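Student: Sequence:
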Amino acid sequence: MAANSLLNFTVPIGTTGETTSSQGLLMPKLKYRYRVLFIGFGVSTDTTELTRQVQDFKRPSVKFEEQVIDVYNSKVHYPGKPSWDATNITLRDDMQGSIQTLVGEQMQKQFDFANQVSASSASDVKFTTECDMLDGGNGSVDATILESWTLVGCYVSSADYDQVDYKSSEPVTVKLNIVFDNAIQTSTGIGTTSITRTTGTLAI
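Just so you know, we're using my numbering here: the sequence shown kicks off at 892 and counts up by one.
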């Protein structure tokens, strides 16, 4: 009976505050259970060290342009084009120079600073970033992907190589600001429903 009381650890649902026997609090996703993968970053085929050295990552943020139509005595609002805000990732700078090498490859790919040569097209420098939310599995117990964000058309808009400080024992980091064209979210029951249009229901 005592264990059943955990079902009451939530908000009462309904106008009279009634609860059901199956109304428990769902386990939330935890911020530290994630991994970030990079596809096409730099020129090296192996970018797993980037994944290992991730310190933090900002998940995507999208906004729609607000559009207004002025009508008689009022205004009508509707959403315009969506745009994705740039995301940020912090990498620990390892002593073997793996992160510096991989980041340097991507920066050189975007612009040859020594010879002052730029890439001929944006597709030559763009890469894909994937952020997977995990359930905590590891080692002999495979991790289950709860949710995946795939960021396409990525490039590094800025790289901050951190400040060193005699007073600090924290690891040196490399902070990247990443601009991308689109993001796709996939997980159970989310992002899987097709958007359909019904004839005759196109009013604002």
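FYI, nobody ran anything at the bench for these hints, they're computed from the structure. One or more hints might be untrue.
[To be verified] In the SDA-like style, the derived pairs of lysine to any residue whose C-alpha atoms are separated by at most 25 Å in a straight line are:
#1 Lys-922 - Ser-1014
#2 Lys-920 - Ser-896
#3 Lys-1017 - Asp-976
#4 Lys-1000 - Asn-979
#5 Lys-1066 - Ser-896
#6 Lys-1000 - Arg-924
#7 Lys-922 - Thr-942
#8 Lys-949 - Ser-1011
#9 Lys-922 - Val-953
#10 Lys-954 - Gln-1054
#11 Lys-1066 - Gly-933
#12 Lys-1000 - Ser-1014
Remember, predicted model here, so these are calculated numbers, not experimental data.
Student: Does Ser-1014 sit within 25 Å of Lys-1000, going by the straight-line distance between their CA atoms?
Tutor: Holds, because 11 Å separates the two Cα atoms, which is no more than 25 Å.
Student: Within 25 Å, alpha carbon to alpha carbon, are Lys-1066 and Ser-896?
Tutor: Outside the cut-off at roughly 46 Å; violated.
Student: Does the structure keep Lys-922 and Val-953 at a Cα separation of 25 Å or less?
Tutor: At roughly 20 Å apart (the allowed maximum being 25 Å), Val-953 and Lys-922 satisfy the hint.
Student: Sort out whether Gly-933 lies within 25 Å of Lys-1066, counting only the CA atoms.
Tutor: holds, 16 Å
Student: Lys-1000 and Asn-979 were given as a pair; does the straight-line alpha-carbon distance stay at or below 25 Å?
Tutor: holds, 19 Å
Student: Would the hint linking Lys-949 and Ser-1011 be met if the CA-CA limit is 25 Å?
Tutor: Violated: Lys-949 and Ser-1011 sit about 30 Å apart, past 25 Å.
Student: With a cut-off of 25 Å on the C-alpha distance, tell me whether Lys-922 and Ser-1014 pass.
Tutor: violated, 32 Å
Student: Does the structure keep Lys-1000 and Arg-924 at a Cα separation of 25 Å or less?
Tutor: It is violated: about 31 Å lies between the C-alpha atoms, which goes past 25 Å.
Student: Tell me if the straight-line CA distance from Lys-954 to Gln-1054 falls inside 25 Å.
Tutor: violated, 32 Å
Student: Would the pair Lys-922 and Thr-942 pass a check requiring their Cα atoms to be no farther apart than 25 Å?
Tutor: It holds: about 16 Å lies between the C-alpha atoms, which stays within 25 Å.
Student: Would the hint linking Lys-920 and Ser-896 be met if the CA-CA limit is 25 Å?
Tutor: holds, 23 Å
Student: Can you confirm whether the C-alpha distance between Lys-1017 and Asp-976 stays at or below 25 Å?
Tutor: Roughly 16 Å separates the two Cα atoms, so the pair holds.
Of the numbered hints given earlier, the model fails hints 1, 5, 6, 8 and 10; all others are met.
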